[in-house]
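K.L.:
Protein chains in written order, with the numbering used here: chain Y, 1 to 274; chain P, 1 to 167; chain H, 1 to 989.
Since the hints were made in silico from the structure, they are not lab data.
By construction, the Cβ of each residue, glycine as well, lies at the ideal position given by its N, Cα and C atoms.
Wrong hints could be hidden among the right ones.
Claimed, not checked - Heads up, incomplete: computed chain H residues facing chain Y, CB under 8 Å, no partners named:
(1) Thr665
(2) Asp723
(3) Glu785
(4) Asn789
(5) Gly872
(6) Ile874
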Amino acid sequence: MKPPAFDYCRPDDLEEVLELLARHGEEASLLAGGQSLVAMLNLRLTRPRVLIDISRLEPLRRLERRGGALEVGAGVTQAALAESLRDSEDSPLLKLALPWVGHYQTRSRGTICGSLAHADPSAELPLCLAALGGSLRLGSARGERELSAEDFQLGPLTTARAPDEMILAARFPLPRPGQGVAFREIARRHGDFAIVALAAIAEGEEIRLAVAGVADRPAVRGWHHEEATLEEALNAFAWDLEGYDDMHASARYRRDLVRRLGRSVIEEARACRS
Amino acid sequence: MPILKAGSKSEIGFHLNGRAVIGSAEPRMLLSDFLRHEIGAYGTHVGCEHGVCGACTVQIDGQPQRACLTLAVQVEGRSVETVEGLAGPEGRLSVLQEAFRANFAVQCGYCTAGILMSVEAFLRDCPEPTEEQIRDLLSGHLCRCTGYTNIVCAVKAAAAAAAAEKT
Amino acid sequence: MAQAVGESMLRVEDPALLTGTARFADDLPVAAGTLYAVVVRSSEAHAEILTLDTAEALAMPGVEAVITGEEVARISDPLLAAVKRPEGYCLAIGRLRYVGEPLAIVVARSRYEAEDAAELVRLETRPLPPLLDPVAAAEEGAAAIHPEVGSNVVHDRRFRYGDPEAVLGAADRVIEMTVDYPRVLPCPIEGYVVVADYRAGDGIYDVLANFQGPYGLHTVMARALRVPGNRLRLRTPPCSGGSFGAKLAIFTNIVMMCLASRVTGKPVKWVEDRLEHLVASGSGPNRVTRLRAAVTGEGVVEALELDQLEDYGAWMRAPMPGPLYRMHGASSGAYRLRHLAIRNRVVLTNKVPASLVRGFGGPQLYFALERLMQRIAVELALDPLEVVRRNLIPAGSFPYRAPAGALYDSGDYQAAVERAVEEGGLAELRRRRVEARAAGRLYGIGFAAVVEPGMSNMGYLSTLLSPEQRARSGPKDGAIASATVEIDATGSVSVTADSVPQGQGHRTVLAQIVGEVLGLPPEDIAVAAEHDTGREAWSVAAGNYSSRFAGATASAAHLAATRLRDRMARLASQKLNAEPEQLVFEGGRIFARGNPDNAAAFYRVAGSLHWSPGSLPEGMPPSLRETAHWSPPELAPPTEADEINTSLTYGFVFDFCGVEIDRSTGRLTIDRYVTMHDAGRLLHPAIAEGQIVGSYVQALGASLYEDYAYGSDGSLLAGTFADYLLPTAPEVRDPLVLHLETPSPFTRLGAKGLGEGNNMSTPVCIANAVADALDLAEVRLPITEDRINAWLSGAEPPRPERPGAAARATPERRARPAALSGRNSYLIAADRAAVWKRLLDPDALAAVIPGCRRFEQQGERRYLAEAVVRVGPIRGAFTARLELCDLEEPESLRILGEAQGALGAARGEGRLLLVEEGAGTRIDYQYDIDLSGKISSVGSRLLEGASGLLIRQFLAGFARQLETAEGPGAAPAGRSPWRRLLARLGLGR
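Using the sequences and the hints, build the whole thing.
P.N.:
This is the structure:
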């Protein structure tokens, strides 16, 4: 389990990164935290010709409130974000979800944007970004653009990032007054990828429910809350996700979890509306 | 900007347990292989090479990290701490190491180095952990011998001993 | 300070392990010029090898050799096993029979380069249908995976003790059930390491490997290598990172690396990686057991019939079928029934060859026996604990001869049960169950009583032979343990023994035993764990397995130390003018009992022998080195009536637990787990406790998390630690461990083997609790949330009816975990003839294969394609062969395809039906694709995503091409064909 051979570059600034990406495109991979990338290299599932190490680029470690969102730079680790949220109200949902992302030993290096770029259909961070209706800032030598979470993650491990682009930052909308959030995850073991992970956001009588681990990417649905139709709405959502069997769980179990835990996260989110 | 070509070795200078060392590696060499087979620091063990088992956990600039998910070239100029650096002068066991011994938290000892490196960092962040926090921390490690019970006891004991030392 | 035998002294192993200075196999220096090996493995479960091309791999930089099965057959012999046929070599020849089977060895200057080259070994195969289900494989007429053997059932024997047919025939009640025990991995965190050096000048294979024994396997290796035993020198490292049975199956790899060294003329090192460990190191065998029990109205079992069908995978590797016979003498478990019928069958399937796993046959047996006891209680409306009690072997009947021949050395099962019930708080759990059920919650209590064998009789496997065959081949029995104690001229003591520890703390316990006998502090005793067949004493039973240490090696060490003490006493008696029998060894001094002032220093007495052998007492050898060999007489060979005392010691384990199950998630929580052990005298209570808890947590894994699952195509699904789920700390509820000590009369220190008991008791104890909680008759392992949910949940709320969504053709898409299959329709705005034509146009096909680099026609409707397939960052080069067949112009055709690449293999077929619809054509298609190899075993969680995407890419390309060529198509405007396709496959939004 040794990686195939590749060139390694450690650009000194962002311009160099974008220049390298422009030059190498699909042949290049960005190395930020490496928690997914190096594992895939060791398994020889991926074989870039060039590895561009962005882990030392100070400007990418920016973490700030900007334009109604918490903007998380490409170099911000999961541990750093968790630490910054410890005494802050900038993202109650991320605060709930981050302890479920990998382990203490991987959060120290794994980045927020790296997880979004990896686009695992069961991962918590893409779920949170989708639930909150967040977005990503992508940059390339051609310029910058912003994509919504929905437009960004297209399928399993598949995103709308062009080969010469990189994620500059992820934008998680700041909580609005009166919002309540809840998060729940069922995984085989602590720290495993989710069989089903759910995030609910309640605002007034509006509900947004996001589900990971069932479809090929996080799915979000919003509706006006009515107790009488909740069961029906959850059942429809559960079926519409078109989940599948894998070795850890059946599609049926996943649907059951969406129906049952969907209700409980919604209730929890509604209960904590401020 | 450093550009290292595939297949060619370059020198990597870093601090290992407080001492400056230099080794050479091609870009694809994993830090776990580099520490063990280039530097000769065999205390760090390799268990899965895909980041799950935690046996190869070391600290880089004080942060616990998987050496198997780190390239050797990435530690250029960094400080790496491994199990070899935990004991005091003349091999005197640290409080943490003593706690592992006293609580029979070691059986085959293969996963132990990684666990010690995690716990050492963790207790700095969280000096008075609850059992739940300890188990959560340990979830990043696989131990197939002990069933974890004695490791949990050892971490508790180490935290208590460190607290007692302070007062 | 705790030091004496029976006290928990600090382990002598720990300082080195805690400071990173301990040395494991991969830490030891190797000779300059040592080469590194990578094993190329089958990604197919069953296939004929057509061509195996190593030229490209051989041409890679740094590569010195690529060795194939044919070369191996020239320079080595097959690996012997107790079941003589099939006979196989260490590499596959001609046919592949399981995913992970070694088919070539690449040897290069570095592991990195060897892995580069291994990807370039080219293989062409013809697939054969895989056989995975043991029952189907055992059926008459099933295709034999070894055609030369003729049947997949390679062993079938029946045994009877007492008069089981008569008792069953006359019984009040006959209770029957069938249980399955799954495959489980031992999975140590350190994998295999082999360094082999063929020294041509001496004709010696010199090997360092973290092998665990038994050294009976040494004979198998030497035979395969065509050398006498003394030309295979096998050394083990000072430390070994766990084994749990795994490090026995390394032996085939030792043979491989020896041959690689011989071929290259250089030392060869191989370090197994985790992927190959998971896929190919060997798992425990799965067993299907059919039970019939004659039971009285009070729940007393009077006769038992066990029909055991055990699946050993593709090959019989020594010492298989051990798990089927290791428990044989004790097949009646902890119960006093006297009439027993057993049928043992060994079946071969396309799975990894079975090997040792902690528990070795016990988990399979007790899962059947103890599930039966629970069923008896349910069917007779009795309390399960009461059923256990009524059947236990009475106290006072030990040593007890079980019907199949086991001689249970000691015990008091009733006392153990009653103490456990009392101290473990069973009454409280019963209360909690009442409360939980009253509140509508799901709570169950389970029990298990097992007899835990220790130190196997080396003759037990010969029970598989008929008495006549045994008479011809000569008796097999006993189990020789050996240990050497040496006192040097300074009086310091060194010990070596044949136990090959992998973390059990044997060095500590040996130091305690020898220190106590010689009156020295144990920390002063140097115990070397490394073992060298060229230098140390060993025999066929040497090694670390069958919980033999506390009974066997400890006895040998005690015997060696005692002999040396006696010799020292004779020496000292001259100086002290006292009878040797009167002398006491204590605190580094030797003195006469009652007169501690008349003393000699231990080191002086030792020095006197080394420095003045001329003044030794008459007849005393000039040596303070003693090697003791110990074999207990109780381990007799099988009798003519097939009675066999399979083990020397028989501990007793009684467990109970309370579990609660959450209705909404199916999650099981262990409320309390109590495990009572009688392992005789405990030599080191903390180490014993560590073994028990470790065994319990491994069993927790087998019960709840670990699923060594094969897809229906024979691919292994759990190929990484992200899918083969070992328990981690948060999953563990610490057990309450209780002890009773009834010393064994058959071992020198009264100790029994321990450390495997919970592997046997815990899975069935938890299963019984789940059966109780959910009122189930059948419980399958592992008990996952998903399974619990399936047991719990009734009919599912139906898919909502949607106007316009009626014709949806995508059902539950995947019935089988490893296979991708589906059906759908596609509308094309072109007439049928045009669509047909395009389908048969090779250039058109070439254009739709994603990442196609080369495409050529290889015959009528046969094509070869090379393509680089990408899914997100995943990328793999594949060579694909496609064939169009069953052409019914212009209506239907079939596409057969297979692809091979470094990421694995894909094989499948698609059927296309062209239907005229309006002015256009509707293509109804369905496909079934199996994926094996890395892509399947590494990415099973993402399989639907990652590999599903491959086929969708192909289909999307095809659709795109048809539409661009044939017009705008039927899809709504503004959406890419890609998105459309996803939507049609039910994946888009």
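K.L.:
Now, for every hint given, state plainly whether the structure supports it.
P.N.:
The hints, checked one at a time:
1. Checking Thr665/H against chain Y by beta carbon gives a least distance of about 6 Å; that is within 8 Å, so the hint holds.
2. Annotation: Asp723/H was flagged as interfacial toward chain Y, and the flag holds, the nearest CB pair being 6 Å apart, inside 8 Å.
3. Proximity of Glu785/H to chain Y holds as hinted, the smallest CB-CB distance being about 7 Å (cut-off 8 Å).
4. Interface restraint check: Asn789/H against chain Y, minimum CB-CB distance 5 Å, threshold 8 Å, status holds.
5. Given hint, Gly872/H at the interface with chain Y, holds; its Cβ is 3 Å from that chain's nearest Cβ, closer than 8 Å.
6. The criterion of a C-beta within 8 Å of any C-beta in chain Y is met by Ile874/H, whose closest approach is roughly 5 Å, and the hint holds.
In this structure, none of the earlier numbered hints is contradicted; all agree with it.
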